[in-house]
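Participant: Residue numbers (my numbering), protein chains in the order written: chain A, 1 to 110; chain B, 1 to 353.
Because the hints were derived from the structure by calculation, they are not lab data.
None of these values were measured; they are calculated from a predicted model.
Please note: incorrect hints may appear among the correct ones.
Claimed, not checked - Pairs of lysine-lysine residues, derived as DSSO-like cross-links and limited to a Cα-Cα distance of at most 27 Å, are as follows: (1) A:K83 x B:K144; (2) B:K341 x B:K91; (3) B:K266 x B:K298; (4) B:K200 x B:K229; (5) B:K266 x A:K14; (6) B:K28 x B:K341; (7) B:K103 x B:K28; (8) B:K253 x B:K129; (9) B:K229 x B:K26; (10) B:K74 x A:K83; (11) B:K91 x B:K28; (12) B:K125 x B:K3; (13) B:K144 x B:K200; (14) B:K91 x B:K125; (15) B:K3 x A:K83; (16) B:K296 x B:K266; (17) A:K83 x B:K296; (18) B:K103 x B:K253; (19) B:K204 x B:K144; (20) B:K346 x A:K83; (21) B:K206 x B:K152; (22) B:K74 x B:K28; (23) A:K60 x B:K200; (24) B:K266 x A:K7.
Stated by the list, open to error - The calculated label-pair distances, taken between Cβ atoms and stated as ranges, are: (25) A:D12 x B:V122: 37 to 47 Å; (26) B:Y324 x A:D99: 58 to 68 Å; (27) A:D3 x B:E238: 13 to 23 Å; (28) B:K206 x A:E17: 27 to 37 Å; (29) A:P21 x B:K197: 46 to 56 Å; (30) B:D194 x A:D67: 21 to 31 Å; (31) B:G95 x A:E96: 53 to 63 Å.
Backbone N, C-alpha and C fix where the C-beta goes; we use that ideal spot for every residue, glycine too.
Chain residues, written in single-letter form:
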Amino acid sequence: MEDIRIKITDRDGKTHEVDAPTDMAMNLMEVIRSYELAPEGTIGICGGMAMCASCQCYVKSNTDLPDMEMDEEAMLAEAFFVKDNSRLACQIPITEQLDGLEVELAPEEI
Amino acid sequence: MIKTDILIIGAGPTGLFAVFEAGLLKLKCHLIDALPQPGGQLSELYPKKPIYDIPGFPEVKAGELVDNLMEQIKSFQPGFTLGEKAQDIEKQDDGSFIVTTDKGTKHHAPIIAIAGGLGSFVPRKPPIKSLEDFEDRGVQYMIKDPEQFRNKSVVIAGGGDSALDWSIYLADIASEVILVHRRNEFRGALESVDRVKELKDMGKIKLITPAEVVDVTGDEHLKSVSIRKNNNPEEDFEIETDYFIPLFGLSPKLGPIADWGLEIEKNAIKVDNTLDYQTNIPGIYAIGDVNTYPGKLKLILCGFHEATLMCQSAFQKIHPDKRYVMKYTTVGGVTGFDGSKKEAPKSVVKAID
Chain A
1 MEDIRIKITD
11 RDGKTHEVDA
21 PTDMAMNLME
31 VIRSYELAPE
41 GTIGICGGMA
51 MCASCQCYVK
61 SNTDLPDMEM
71 DEEAMLAEAF
81 FVKDNSRLAC
91 QIPITEQLDG
101 LEVELAPEEI
Chain B
1 MIKTDILIIG
11 AGPTGLFAVF
21 EAGLLKLKCH
31 LIDALPQPGG
41 QLSELYPKKP
51 IYDIPGFPEV
61 KAGELVDNLM
71 EQIKSFQPGF
81 TLGEKAQDIE
91 KQDDGSFIVT
101 TDKGTKHHAP
111 IIAIAGGLGS
121 FVPRKPPIKS
131 LEDFEDRGVQ
141 YMIKDPEQFR
151 NKSVVIAGGG
161 DSALDWSIYL
171 ADIASEVILV
181 HRRNEFRGAL
191 ESVDRVKELK
201 DMGKIKLITP
211 AEVVDVTGDE
221 HLKSVSIRKN
231 NNPEEDFEIE
241 TDYFIPLFGL
251 SPKLGPIADW
261 GLEIEKNAIK
271 VDNTLDYQTN
281 IPGIYAIGDV
291 NTYPGKLKLI
301 LCGFHEATLM
311 CQSAFQKIHP
321 DKRYVMKYTT
331 VGGVTGFDGS
341 KKEAPKSVVK
351 AID
């Protein structure tokens, strides 16, 4: 299996093009953390259980993403800065179908 | 003033296990936690979820792990200050510390162990401009005394259990209850959702969905909130109200501990991982998810290890002249402060005729 390329715009507006492995059972939140594109403690706070919205991102590309499950939907209903294209990065597993995905991190809740 | 040997800030799994390791060394512990129950995130966020990496437990639910830890430390009679947040710390001339909570409870101990996890759980505040200007002047993030809303009008925002439950409760007390939620669907116990619908049909709760409170106005006290329907600014309208209560759950924040003069890195407290998880202030340790060091992993099992080494170091600080070597519980048993003793059954020596 090969790595895929993902474009991630951080909270300062800087866009990073990164390689993400498809064979490590990683999700998008973990990829963002592994490249330290947001300071530790400001992303993935709940560890990836869809229980906080610290990994909220806006999906910019037309990539076909897995449908939202109930947990994610419920969390986004309570989250702040939510837009129509909001997703929780921790609920998006890295697969080959995601090659070319472009996302932007939502602002940090204060 | 509460006096103890080790004052543990945070009653999550790491803090609870520290009580056990301290107890083996005859050191008494007292715990402070902002939540009303022990267990930290395990109890607050995911009590029903399974954990698979606790050594010796192929699978254990987070809530059960907390119950087990409470049972394990019971005979060491830990004290608890729950529902209060550690706020201030004062170093005494003898090197000990006095920690005061946000409710004024004072604790005195020679050793402080911060096991604060991700921080103390505080209400999530929606990003509304000037919301903070009206805090305690009409804007509240939690309800302590429902009677204060008697015959007042209340706007509640949120779509989870607490928003539903408080809307139901206040429907009989307040003159008017308006529940604003961003979706048409509510996430909560089925009875609560059904009850809100009944109260809505009876005209006791007014529902505004899908909508969001986008502004608050008033002078000395809150006067009105501005509500945006369907995400469309052109539909914004004002509602006069006495109170606005946003209920969006809790999120952890490091809080006042960040101002205690401890070295902070990556939203965590830097500790000496080569020895005893002590911070830059002698006598203050940080264990579990709240600390950081090269190679740190935020795992419960790592917190248990850190708690164990911290207690050994604390013992030496409290009793610099006492000799001690670590003893296996299988050999020494566990003698509680309540007089109970657990030990391995002795083998018998008896001839077989």
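Participant: Straight-line Cα separation of B:K229 and B:K26 no greater than 27 Å?
Facilitator: violated, 61 Å
Participant: Measure nothing beyond the straight line between the CA atoms of B:K266 and B:K298; if it is 27 Å or shorter, mark the hint as holding.
Facilitator: Cα-Cα ~13 Å, so holds.
Participant: Taking only the CA atoms, is the gap from B:K266 to A:K14 under or equal to 27 Å?
Facilitator: holds, 20 Å
Participant: Would the pair B:K74 and B:K28 pass a check requiring their Cα atoms to be no farther apart than 27 Å?
Facilitator: Distance ~12 Å between B:K74 and B:K28 Cα, so the pair holds.
Participant: Verify the proposed pairing of A:K83 with B:K144, using a straight-line Cα cut of 27 Å.
Facilitator: violated, 33 Å
Participant: Would the pair B:K91 and B:K28 pass a check requiring their Cα atoms to be no farther apart than 27 Å?
Facilitator: Answer holds: B:K91 to B:K28 is near 20 Å, not above 27 Å.
Participant: When you check the alpha-carbon spacing of B:K3 and A:K83, does it fall within 27 Å?
Facilitator: violated, 51 Å
Participant: Please check whether A:D12 and B:V122 have a Cβ separation lying inside 37 to 47 Å.
Facilitator: The hinted range 37 to 47 Å is violated for A:D12 and B:V122, with Cβ atoms some 26 Å apart.
Participant: Does B:K74 pair with A:K83 here, judged by a C-alpha cut-off of 27 Å?
Facilitator: violated, 48 Å
Participant: Has the given pair, B:K253 with B:K129, been kept, meaning a C-alpha gap of at most 27 Å?
Facilitator: holds, 21 Å
Participant: CA of A:K60 to CA of B:K200, is that 27 Å or under?
Facilitator: This hinted pair is violated, its Cα atoms lying about 39 Å apart.
Participant: Take a quick look at whether B:K91 and B:K125 sit within 27 Å of each other, Cα to Cα.
Facilitator: Roughly 33 Å separates the two Cα atoms, so the pair is violated.
Of the numbered hints given earlier, the model fails hints 1, 2, 9, 10, 12, 14, 15, 17, 20, 23, 25, 27, 28; all others are met.
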